[in-house]
Structure formats: structure tokens, C-alpha cells
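Peer 1: So the protein lines, in turn, are chains H and S.
If you read the first sequence in our numbering, its first letter stands for residue 6, the second for the next number, and so on.
If you read the second sequence in our numbering, its first letter stands for residue 6, the second for the next number, and so on.
Be a bit skeptical, because a hint or two may be false.
Note that identical chains are pooled: a pair holds if it fits in a single copy or bridges any two copies.
To be verified - In silico PhoX-like pairs for lysine-lysine, Cα to Cα no more than 25 Å straight-line:
hint, residue 1, residue 2
1, Lys78, Lys220
2, Lys78, Lys276
3, Lys222, Lys20
4, Lys20, Lys276
It is worth saying that the hints were derived from the structure and are not from the lab.
This one's a predicted model, so the numbers in the text were calculated from it and none came from an experiment.
Number of protein chains: 2
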Amino acid sequence: MEALHAIGVDLGGTKILAGVVARDGSVVRRHERATPQDSQEHVLAELEAAVAELLDDSVAAIGIGAPSPIDAKRGVVVRSVNVPLENAPLRDHMHERFGVPVGLDNDANGAAIGEWRAGAGRGVDDLVMLTLGTGVGGGIVSGGVPFRGGNGGGVELGHVVIVHDGRPCQGVCTGRGHLEAYVSGTAATDAAREAFGPSADAHRLIRLANEGDAKAKEILEDLARHLGSGIGSFVNIFAPELVLLGGGFGVAAFDYLCGPAEEVARREALKPMRDDFRLAKAELGTAAGLIGAAFVGFEALDSA
Amino acid sequence: MEALHAIGVDLGGTKILAGVVARDGSVVRRHERATPQDSQEHVLAELEAAVAELLDDSVAAIGIGAPSPIDAKRGVVVRSVNVPLENAPLRDHMHERFGVPVGLDNDANGAAIGEWRAGAGRGVDDLVMLTLGTGVGGGIVSGGVPFRGGNGGGVELGHVVIVHDGRPCQGVCTGRGHLEAYVSGTAATDAAREAFGPSADAHRLIRLANEGDAKAKEILEDLARHLGSGIGSFVNIFAPELVLLGGGFGVAAFDYLCGPAEEVARREALKPMRDDFRLAKAELGTAAGLIGAAFVGFEALDSA
Numbered sequence: 006m007e008a009l010h011a012i013g014v015d016l017g018g019t020k021i022l023a024g025v026v027a028r029d030g031s032v033v034r035r036h037e038r039a040t041p042q043d044s045q046e047h048v049l050a051e052l053e054a055a056v057a058e059l060l061d062d063s064v065a066a067i068g069i070g071a072p073s074p075i076d077a078k079r080g081v082v083v084r085s086v087n088v089p090l091e092n093a094p095l096r097d098h099m100h101e102r103f104g105v106p107v108g109l110d111n112d113a114n115g116a117a118i119g120e121w122r123a124g125a126g127r128g129v130d131d132l133v134m135l136t137l138g139t140g141v142g143g144g145i146v147s148g149g150v151p152f153r154g155g156n157g158g159g160v161e162l163g164h165v166v167i168v169h170d171g172r173p174c175q176g177v178c179t180g181r182g183h184l185e186a187y188v189s190g191t192a193a194t195d196a197a198r199e200a201f202g203p204s205a206d207a208h209r210l211i212r213l214a215n216e217g218d219a220k221a222k223e224i225l226e227d228l229a230r231h232l233g234s235g236i237g238s239f240v241n242i243f244a245p246e247l248v249l250l251g252g253g254f255g256v257a258a259f260d261y262l263c264g265p266a267e268e269v270a271r272r273e274a275l276k277p278m279r280d281d282f283r284l285a286k287a288e289l290g291t292a293a294g295l296i297g298a299a300f301v302g303f304e305a306l307d308s309a
Numbered sequence: 006m007e008a009l010h011a012i013g014v015d016l017g018g019t020k021i022l023a024g025v026v027a028r029d030g031s032v033v034r035r036h037e038r039a040t041p042q043d044s045q046e047h048v049l050a051e052l053e054a055a056v057a058e059l060l061d062d063s064v065a066a067i068g069i070g071a072p073s074p075i076d077a078k079r080g081v082v083v084r085s086v087n088v089p090l091e092n093a094p095l096r097d098h099m100h101e102r103f104g105v106p107v108g109l110d111n112d113a114n115g116a117a118i119g120e121w122r123a124g125a126g127r128g129v130d131d132l133v134m135l136t137l138g139t140g141v142g143g144g145i146v147s148g149g150v151p152f153r154g155g156n157g158g159g160v161e162l163g164h165v166v167i168v169h170d171g172r173p174c175q176g177v178c179t180g181r182g183h184l185e186a187y188v189s190g191t192a193a194t195d196a197a198r199e200a201f202g203p204s205a206d207a208h209r210l211i212r213l214a215n216e217g218d219a220k221a222k223e224i225l226e227d228l229a230r231h232l233g234s235g236i237g238s239f240v241n242i243f244a245p246e247l248v249l250l251g252g253g254f255g256v257a258a259f260d261y262l263c264g265p266a267e268e269v270a271r272r273e274a275l276k277p278m279r280d281d282f283r284l285a286k287a288e289l290g291t292a293a294g295l296i297g298a299a300f301v302g303f304e305a306l307d308s309a
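Using the sequences and the hints, build the whole thing.
Peer 2: Put into C-alpha cells, the structure is as follows:
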């Protein structure tokens with residue numbers, strides 16, 4: 006049987022998105038189910054069910070994107086903030102269950118790979134993708150190859166310091182002044198609540214800005230300028246041709262973010278990198294993660 | 006003739022250090038000369054003279070480390086702050102003159118490669134090296150391969166933002182709040198002058214700390230904590246096993262820097278990266294750059 010398809014699974018804090026994906030990045034069929042919140046055992050069972058529901062003879066590999074640092078050598082989810090998984094050997098577990106090569110990666114790497122193979126990053130050899138949602142994730146393609154850091158554990162671009170001794174992170178991160186604390190959808194919601202009361206959130210902030218509210222625009226501009234500091238740093242490190250903004254908040258707020266973020270990023274960037282990058286919006290929406298995960302599966306297949 | 010040796014050239018703001026280096030990283034012979042300050046023509050002439058003085062039949066390649074972003078595809082020094090070079094086609098120029106493969110890299114990449122092949126980073130597959138001198142440079146080895154960013158132009162680790170909208174950089178960099186503005190030897194000298202008067206500098210600061218001066222120690226600790234924010238960011242991005250501090254100021258102040266920097270870096274770093282890295286002092290001193298440059302030459306030879 007020809008290796009036509011891979012199943013990509015995007016394991017998120019609230020949903021498991023799974024799909025059958027072809028080598029050209031097209032999604033043949035997909036579905037979603039809720040992420041269990043109670044135990045690792047239930048998460049594993051739902052992941053198995055998500056794959057089993059999609060499996061047929063055309064599927065030659067499985068790829069999973071998980072919201073956690075990954076121990077790539079062992080194929081283990083180290084510890085997730087949003088899903089009850091800790092030291093979970095997802096790769097071997099799924100391989101034993103389904104008998105095909107399984108790839109495991111961080112969800113933000115997965116989204117970057119998805120956009121690179123089938124979205125806004127097609128044909129680009131050097132890109133940085135930032136996903137702005139509940140948290141901030143990052144993924145890198147460098148020289149036409151996904152870059153993962155030592156033992157696949159790095160590229161936590163949301164956890165670079167942009168304000169020394171600044172705002173504390175949430176959850177398990179003990180850091181201060183990280184990009185995530187300033188530019189995530191959560192940070193936007195916090196700022197919206199402070200300005201507009203406890204019922205406001207990031208969506209309302211964008212809506213208010215659309216209606217011309219000066220305070221909402223100011224909040225988004227300040228957030229965007231902080232984002233620009235992060236982007237400028239990544240441009241100086243990775244010298245990308247393309248910086249992509251994705252994630253729910255990143256896409257929804259893109260029109261407010263792109264101008265000020267780009268202005269600050271170009272101020273921070275050195276030549277020649279300063280003139281060589283462009284900033285763009287991710288294209289694949291919520292499918293980026295599962296498409297990218299499927300390519301992580303193809304990668305496992307091709308190197309098996 | 007067997008490819009025994011490469012000539013490594015470390016082009017610095019004040020000196021050109023050149024040496025004949027064997028495959029094991031040992032320096033067979035070396036010398037130095039002053040870097041011309043007046044024109045690109047004179048810099049090129051002195052580089053040629055430095056190589057010509059060392060050349061013999063055992064030399065099969067030349068490597069050059071330059072204090073500037075590099076356009077790797079074209080083999081060009083884009084623009085140096087400290088040396089009168091702009092858009093200088095060093096690689097082709099030296100190749101035409103001497104007829105052997107020539108490699109060109111950023112000087113901080115060169116120093117990192119030197120420490121990796123022949124110094125404190127021997128046997129390590131994932132390392133980050135920071136050189137703290139007049140400026141702050143960085144070099145990366147990831148997965149046993151030097152990492153250079155898109156078109157070899159990135160890895161400007163001194164120019165990541167650690168304080169959004171913070172202290173301006175010096176020279177051609179228009180950025181604000183970059184690591185370099187807080188932790189370079191120049192920044193240490195600025196702080197020393199502010200505290201101890203116009204004749205003070207980074208060396209005197211260290212001497213005063215050695216003598217027990219509380220203010221000097223406080224300045225170094227604050228500098229070290231800012232360094233920790235940068236290191237924490239790099240650990241989250243690259244997941245290194247080893248972070249090396251080199252450069253004149255980095256080595257001289259190491260005993261004051263390492264404790265506070267490591268404390269902050271571990272606070273900023275996520276698991277598992279937080280527990281997986283160690284911080285150490287570079288070993289090769291001023292020879293790191295020329296040794297690494299020689300290995301960039303061997304790289305050009307082996308891929309010719």
C-alpha cells in the first residue's frame with residue numbers, strides 16, 4: 006500500500022483536532038473532540054480514539070503536536086501546562102497501539118511546519134512563526150529544515166525575556182518579563198479587563214478597537230510594540246525571510262499588531278536582517294497544527 | 006600535499022590575530038598585527054600580509070572571522086562597527102589572492118566554533134557561547150553543527166531585547182534594551198565611570214570588587230542578573246547543554262558573573278531545559294577566534 010496519508014493530531018488545552026493529511030498538505034477528512042481535563046489516562050484514551058476513528062489503509066504514519074516541551078530522544082511529553090500530561094511517552098505508546106511510525110513535536114513547531122508546508126510559508130527556507138493564543142508559542146524553519154534546539158526541547162519563543170525582572174509568567178513558568186506575559190491573548194484579556202471591567206476580554210478589545218475606541222487601540226498598540234521587541238530579537242538570531250503571526254489572538258488582532266510590531270522590530274534588527282524580513286499573517290487557521298503534525302508523521306516515516 | 010593546516014584569521018577592532026592551526030585545534034604558529042583604522046583597502050592589505058606571512062605548503066585553507074554580520078551566500082562582510090569594512094567581498098578576495106578554499110564567518114561564531122572544537126566545549130553537541138568584550142557576540146552549536154541562521158546572517162545574540170524600550174545601543178545599531186547595552190565590557194566601563202569617576206573602567210571595577218568594594222560588587226551583580234535574562238532566553242530557544250562565557254570582560258569577570266547570571270537564567274528557563282544546562286568559562290582566551298576561524302576554513306575545504 007502506498008504511503009499516501011498521515012494522521013496529524015493537534016492536542017490542545019480544550020480540543021483534540023485530528024485529520025488525515027496528504028503529502029501536499031491537503032486535509033482529506035478531519036474531526037475534533039474535547040480534551041479530557043482529569044487524567045493522563047483519559048487523554049491517552051481520547052488520543053487513541055481520535056486516531057482510530059480516522060485510520061484506514063492509506064495511513065502510513067501518525068504525527069502529534071503537544072502543548073509542552075518535548076524530550077525528542079525519548080518521544081516524551083515532558084510537562085504540559087494546559088493538559089494533564091507529565092513525562093508521558095506518547096510516541097512509543099501510539100506506535101505500540103497502531104504499528105506505524107509516530108512523530109512527536111511541540112504544537113507550535115507543528116503549526117510552523119504546517120504553515121511552511123501548506124500555508125503562508127510555502128517555498129520559504131527561513132521563517133519564524135509565533136502563535137499568539139492562550140500562551141505564546143514559536144516554531145522555526147531554518148535553511149529549509151525545522152529547527153528544534155537541543156534534543157528537540159527548545160524554541161520556546163514565548164519564553165524569551167523582553168523585560169528584565171518584568172511581569173511574572175503564569176502556570177509552571179517561574180520566569181519574569183517573558184514575551185508571553187505581554188502579547189498572549191491572555192495578556193490582552195488582562196489588559197482589557199483592567200480598562201473595561203471584568204467582563205471584557207481579548208475579543209471585546211478587538212471589537213472596541215474596530216469601533217474606534219481610543220483606549221482599546223492604545224492597549225493593542227502597546228502590546229504590538231512589545232511583540233516587536235520579541236520579533237526584532239528573533240530576526241537578529243534567525244535572520245528569517247518571513248515572520249508569521251498565527252494563533253487565535255494573533256490572527257484576530259493582526260491588523261492592529263502588524264504596524265507597530267514591524268516598526269519596533271525593524272528598529273531592533275541589525276542590517277542586513279533588518280531589510281530582509283517581512284511580517285505576515287498565518288493562513289491555515291486552526292488547521293495549521295494538525296497539518297504540521299501530519300508532516301512530523303511523514304518525517305518519522307521517511308526516516309524510519 | 007596533505008591538507009594538514011588551515012590559517013585562521015581573527016579580524017578584531019584593534020588587532021588582526023592569525024595562526025596556522027592543525028585539524029586537532031593546536032596552533033602551530035601565530036602572530037598579530039594592528040588593524041588599520043583608516044580604509045577598507047588598508048584592512049584588506051593587512052589581512053593579505055597576515056596570511057602571506059604564515060603561508061606554506063602545509064596550508065590548505067583559510068578561514069576568517071570578522072566583527073560584522075556576514076552575507077554567507079556571497080561571502081561578504083556586510084558592515085562592521087569596529088573595522089572600516091562595508092560590503093567587503095572578503096571570501097572571493099582572499100580566494101583569488103591565495104588560491105585555496107576560504108571560509109568567512111562572524112567572529113563570535115568563530116570563537117564558539119573554536120571553543121567547541123578545541124576548548125571548553127569539546128564533545129558537546131549543543132552549546133551557546135557569549136563573548137562579552139567591547140560588544141556582545143554569540144555563537145551556537147546545535148545538534149553537533151554550527152548554527153548560523155538564514156544565509157549565515159543571524160545569531161547576533163548581543164542584540165536580543167532584554168529591556169523593552171530600554172537603553173540605546175551604540176554605533177550603527179538603532180535598537181533599545183539589547184543585551185549588549187547592559188552586559189558588555191563597555192557597559193561595565195560606563196557603570197564604573199558613573200560610580201567611581203571618569204578614570205574608572207571595567208578592569209578597575211573587577212579590581213575594586215576583588216578588594217571587597219560593595220558598590221563594585223553591586224554593579225557586577227546587577228550586570229550579571231541582566232546577563233541571566235539573556236542566558237535564560239537562549240536556553241529556552243536552543244536547549245543547550247553548555248553555555249560558555251568568553252570575551253575579555255566575560256572571562257575576567259566570570260567569578261562575579263556566574264552566580265547571579267545562573268540564578269536568573271534558571272528562573273527564566275522552562276523544564277526540562279532549566280535542569281539540563283551548565284554555565285562555564287571559555288578556555289581558549291584570545292586564541293578562540295583564530296582557532297575557530299581555521300575550522301571555518303577546514304569547513305570550506307571539506308565542502309569544496
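Peer 1: Evaluate each hint against the coordinates.
Peer 2: Consistency of the hints with the structure:
1. Lys78 with Lys220: Result: close neither inside a copy nor across copies, 48 Å intra and 47 Å inter.
2. Lys78 with Lys276: between (37 Å within a copy, 15 Å between copies)
3. Lys222 with Lys20: The answer is neither: 31 Å in one copy and 51 Å across copies each exceed 25 Å.
4. Lys20 with Lys276: Answer is between; shortest inter-copy Cα gap is 24 Å, intra-copy 42 Å.
Of the numbered hints stated above, those contradicted by the structure are hints 1, 3, listed in ascending order.
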